[in-house]
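Note that the sequence shown covers residues 0 to 139 in numbering that gives the first Met the number 0.
Because the hints were derived from the structure by calculation, they are not lab data. Treat the hints with care, as some may be off.
Now the in silico label distances, taken between C-beta atoms and shown as ranges [unchecked claim]: (1) 80 to 11: 15 to 23 Å; (2) 136 to 103: 30 to 38 Å; (3) 75 to 11: 18 to 26 Å.
Values in this document were obtained by computation on a predicted structure and should not be read as measured data. Note that CB positions come from ideal geometry on N, CA and C, so glycine has one too.
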Amino acid sequence: MQSAPATLRVYFENASGRVAEHPEGFAVVTWYKGTRQLDDFRAVLNHLDRLLRLRNGSKLLADQRLMTPFTPAESNWVVEDWLPRAVGEGPYRYAAVLLPLDVFARLSTKNVLSESQEKFLAYQFCADEAEAAQWLRQLP
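Please take these sequences and the hints and turn them into a complete structure.
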């Protein structure tokens with residue numbers, strides 16, 4: 000028997016995605032389907048960084064199942080700007096990732112995540128939210 004889905008507290012939302020708090024203390028980013036504006040994409044990740052710092056949180060569940068591929072500008076910004084701030088200067092350390100259904104989005108996600116490993120971010124690809132939450136629970 001599966002337990003009921005957790006009630007998330009929305010922290011930020013725009014046309015690209017939503018940042019929320021899980022009752023168990025980790026952040027959740029849900030990316031929406033469709034083309035993203037770079038400013039909206041950046042806003043989601045910047046609010047994620049703020050939430051993690053505010054809560055001194057190190058864990059993220061990233062739901063990318065509906066996400067389209069990263070644009071070159073998005074990939075560059077994540078690797079060159081956001082990851083050094085969020086991981087290098089902030090508390091972010093662990094990501095449970097629900098991979099995109101789109102094969103090209105999946106490849107672009109894996110490319111960005113391979114860069115993130117060099118910045119000391121541990122991640123796990125998960126089949127569903129329950130598996131992702133379970134992986135995050137067992138971390139320090």
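Against the earlier hints, flag every one the structure doesn't satisfy and list their numbers going up.
none
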